[in-house]
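S.K.: Keeping the supplied structure of chain A fixed, place chain B upon it in accordance with the hints.
Sequence lines, in order, name chains A and B.
Under this note's numbering, the first residue of the first sequence is numbered -7, with each subsequent residue one higher.
Under this note's numbering, the first residue of the second sequence is numbered 2, with each subsequent residue one higher.
It is worth saying that the hints were derived from the structure and are not from the lab.
Incorrect hints may have been included.
Stated by the list, open to error - Which stretches of chain B does chain A cover? Using the computed rule of at least three CB atoms under 8 angstroms from a CB of chain A, they are:
{"hint": "1", "stretch": "124 to 133"}
{"hint": "2", "stretch": "196 to 209"}
Said to hold, decoys possible - Here are the computed lysine to any residue pairs in the SDA-like style, where the Cα-Cα straight-line distance is at most 20 angstroms:
{"hint": "3", "chain 1": "B", "residue 1": "LYS79", "chain 2": "A", "residue 2": "GLY320"}
{"hint": "4", "chain 1": "B", "residue 1": "LYS78", "chain 2": "A", "residue 2": "ARG4"}
{"hint": "5", "chain 1": "B", "residue 1": "LYS78", "chain 2": "A", "residue 2": "ARG473"}
{"hint": "6", "chain 1": "B", "residue 1": "LYS78", "chain 2": "A", "residue 2": "LEU452"}
{"hint": "7", "chain 1": "B", "residue 1": "LYS79", "chain 2": "B", "residue 2": "HIS60"}
{"hint": "8", "chain 1": "B", "residue 1": "LYS142", "chain 2": "A", "residue 2": "ARG4"}
We treat Cβ as the ideally placed atom computed from N, Cα and C, and that holds for glycine.
Single-letter residue listing:
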Amino acid sequence: MSFLDILHLALRNLRQAKLRATLTTMGVIVGVAVIVTMVSFGLGLQGNMLERFKALDFFNEIQVYGRGLSNLAGLDRPARRDDGRREPSARGNRTPTRILDEAGIKEIAAINGVAYVEPSVNFTVYVRSNDKLLSQFVGGANIPNASTRFQNFAAGRMISSPTADEAVVSERFVRDYGYDKPADAIGKTIELLAPASDKSNDAQKEQEEETPNFFGIPLDDPGIDESAPDVETRSFRIAGVLAAEVREGAGQGGMRGMMPSAGIYIPLPTAHDWATRHRGPMSQVALALARRGGNLGEGQSEGYELAVVRVADPVHLAEVRQKLSDLGFGSFSIVDELDEIRTVFLIIDSVLGLLGGISLLVASFGIANTMIMSILERTREIGIMKAIGAEDREIKLIFFVEAAVIGVTGGVVGVLVAWGISALANRLAYRFVLKPQGASFIDFFDLPLYLTVGAILFALLISIAAALYPASRAARIDPVRALRHD
Amino acid sequence: MSAILAAQEVFKIYQMGTNSVTALDNVSLEIGEREFVAIQGTSGSGKSTLLNMLGGLDHPTKGEVHFASKPLGPFTKKEMARYRRFSVGMIFQNFNLIPTMSARENVALALAFGGLRGQQRRARSSELLARVGLGDRLEHKPSELSGGEQQRVAIARALANNPKVLLADEPTGNLDSTRAHELLGLLREMVNQDGLTILMVTHDHELANSFADRIVFMKDGKVVL
Chain A
-7 MSFLDILHLA LRNLRQAKLR ATLTTMGVIV GVAVIVTMVS FGLGLQGNML
43 ERFKALDFFN EIQVYGRGLS NLAGLDRPAR RDDGRREPSA RGNRTPTRIL
93 DEAGIKEIAA INGVAYVEPS VNFTVYVRSN DKLLSQFVGG ANIPNASTRF
143 QNFAAGRMIS SPTADEAVVS ERFVRDYGYD KPADAIGKTI ELLAPASDKS
193 NDAQKEQEEE TPNFFGIPLD DPGIDESAPD VETRSFRIAG VLAAEVREGA
243 GQGGMRGMMP SAGIYIPLPT AHDWATRHRG PMSQVALALA RRGGNLGEGQ
293 SEGYELAVVR VADPVHLAEV RQKLSDLGFG SFSIVDELDE IRTVFLIIDS
343 VLGLLGGISL LVASFGIANT MIMSILERTR EIGIMKAIGA EDREIKLIFF
393 VEAAVIGVTG GVVGVLVAWG ISALANRLAY RFVLKPQGAS FIDFFDLPLY
443 LTVGAILFAL LISIAAALYP ASRAARIDPV RALRHD
Chain B
2 MSAILAAQEV FKIYQMGTNS VTALDNVSLE IGEREFVAIQ GTSGSGKSTL
52 LNMLGGLDHP TKGEVHFASK PLGPFTKKEM ARYRRFSVGM IFQNFNLIPT
102 MSARENVALA LAFGGLRGQQ RRARSSELLA RVGLGDRLEH KPSELSGGEQ
152 QRVAIARALA NNPKVLLADE PTGNLDSTRA HELLGLLREM VNQDGLTILM
202 VTHDHELANS FADRIVFMKD GKVVL
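If we strip away everything but chain B, and leave its shape as in the complex, we get:
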């Protein structure tokens, strides 16, 4: 199984005045294609930092992140933006939808960055929202949608430009357990049916256990298992 996304001896050290905080301490991790991996750990264990690193939002202090065997280190800012646009999609605990835009507009914004225009963009955004079960909520604003629905919009947006990998940062953190199960069911289905690779950060062991292929435990910035 070839690794689509890999972290190699990654360190992230934040300088806080005189003392430095090590958020990631020599983390190495490989995620195979079509794998659903959960990272579990307490808050402050560095799991979100690792996710941001893999998602191209942050740079490691030391070490290297590889995507499809290519190191991200030498990427220019523009190439990094393209990586976030086309190679990985991200969803967050608090959804991070643009509140003034409808579900369709949120998805269409990502498509616009991907270069899709006019009718194609409309069709594709409808299709994406239908895939996550929101075919009838296209013109609703985030405030008019439930938490589960908002996270589905976020998933549709993350997958807008056909990325290989979906990075999910506590996607069920703001959902009740029924909605959480539904949502992870959808993600599981996407891995099985659409060949998506998912790396999910969570602190809920039960959920991770039920849906993920593999669980990676983190503690104090280190992978412990």
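The following block holds chain A by itself, in its conformation from the complex:
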């Protein structure tokens, strides 16, 4: 008997109990629809999140840190909260053994696959502008700068040169200082305020910091405020205002890449100079301890706390991190976190899939039940088939094919239903949640081909498994008993 004949018989049997077959298939449809909807929602969640990370340069930037001042000073570090949970060696963020100084930055920039390195310098300082005095977070910026942070300006342009007394401010700064619109702030002056340094101490310090002079910073104090001799000021002209953060979709929140964001950006050399000259008391103590302990030579710079390395292609991230580690630097990348995020999503997807799996399991009992009912009804028919020469294998196959038809039909329709549900959910979310907030359409579901095919195959597999017992029971029917005169 050919397979086509068996399929024909199986379909005929299903047609004869249409309602029962439909109800049984319904169970499979619900199961598959639940699995597919749940898992595709999980995948969509993950995809949207990773997409956002990608758009924010989180995948191609690495934070590099050297032997920081506190380490040089011999300060004990408190145990990390997550110690013992991760293996530091595998992550590459082992304790750095070398100072992240200008020479180090140069070496990092020379690593194959590194697009650029930008040391991170930032500090909090009182800033006066437009007759307002506010505490501001100031960051240094490499000039010229290829970072995505400096791509969109609401007004003006980027700082023109590393030595220019120019600054770029955020849109928030413009609001806080009472400028009507970004364009109004262009050309205005901002003043950074700091305690006047002790001249002799200052000079000595300058000398120390100056030794590996790389940037050629003008070390004259240009901005001493005569009216307040105990306060030192430095003025910058606002060259540009960064465009406001994206309010929706990728880039929401304004954070881009691994560089801490600041309200004011000034040229990096100037910022570094300011930070070393106006260090806080804790930093002063650490520096003194480091020098006394011999970890930091008299003329040696403590370098940068942190730098951000951008790799040309995220694929090279791991290699670059290995090389950073070889150079003696520590590093951190969001990809570490990503692995954990992936694990979390795997668990979420599994739980969601399991829920669907349970409903499909319930459906499989329905299939088994239907099959057994139909065997009871068709005992005589099976006996007849055996009497005219059906093999056990053929009888079994008829039942398996019946189950498979239920499974595949349920699987296909289930996937279509899931697709419909996700489309509907997306529309509803857009109509009632996103649109009123002025956000654009987001697809919350991800229904990849492997999930579609996998769900159908799974339904098929479950159905056939459900038919195992009924089929073997059908094959065991004794024809003499089945055909006994009634």
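M.R.: Structure of chain B alone, referenced to chain A:
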């Protein structure tokens, strides 16, 4: 005359709880080629059990059934199915047609098991039904046919894969005497013209006498004559 089908010292003992029932008690029987043999006996004499044994639906507790001098005992389940498919055909008192299938589909099902496909299967089923005089009732369901017609469909189905032997279990039990005579006339004709061998179980002595070459009497699981 060589025996095409033979039972050799066949026993069939059913275990019913503590006591056992002997349905066949040392039965030996030989049926020659192109012979029309009737087995006559009261109900419970074991004649149907013997027929099932010869038809490969049941196994003897002891003894052996031979078909064309080959013992059926060592057959695997699959070989047994093939034996039922190609070597013997069976018809029953209650016809045992599949009620949801038309006359042609019932015959075609047997042909499908025999491996015939498509156009050949169609042609052969029409031919078989024409042979039993139902050339114009191909698409009728069993419920739309008379008892005699249903039994003819069953005969067509039994002969679908060209078996040598037809085993008939009370084929006229549900027919009136006119139809019974017609049907046995057809079977007789098949023996005479087509060279079929028939073993028929019946309790109607008159019919057996008129159509069979030989009558075997059974009583209490034994062949008595």
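S.K.: Now look at each hint and say whether the structure bears it out.
M.R.: Tested hints:
no.: 1; hint: 124 to 133; result: violated (count 0)
no.: 2; hint: 196 to 209; result: violated (count 0)
no.: 3; hint: B:LYS79 with A:GLY320; result: violated, 75 angstroms
no.: 4; hint: B:LYS78 with A:ARG4; result: violated, 26 angstroms
no.: 5; hint: B:LYS78 with A:ARG473; result: holds, 17 angstroms
no.: 6; hint: B:LYS78 with A:LEU452; result: violated, 29 angstroms
no.: 7; hint: B:LYS79 with B:HIS60; result: holds, 14 angstroms
no.: 8; hint: B:LYS142 with A:ARG4; result: holds, 15 angstroms
Going down the numbered hints, you'll see the structure goes against 1, 2, 3, 4, 6, while the others check out.
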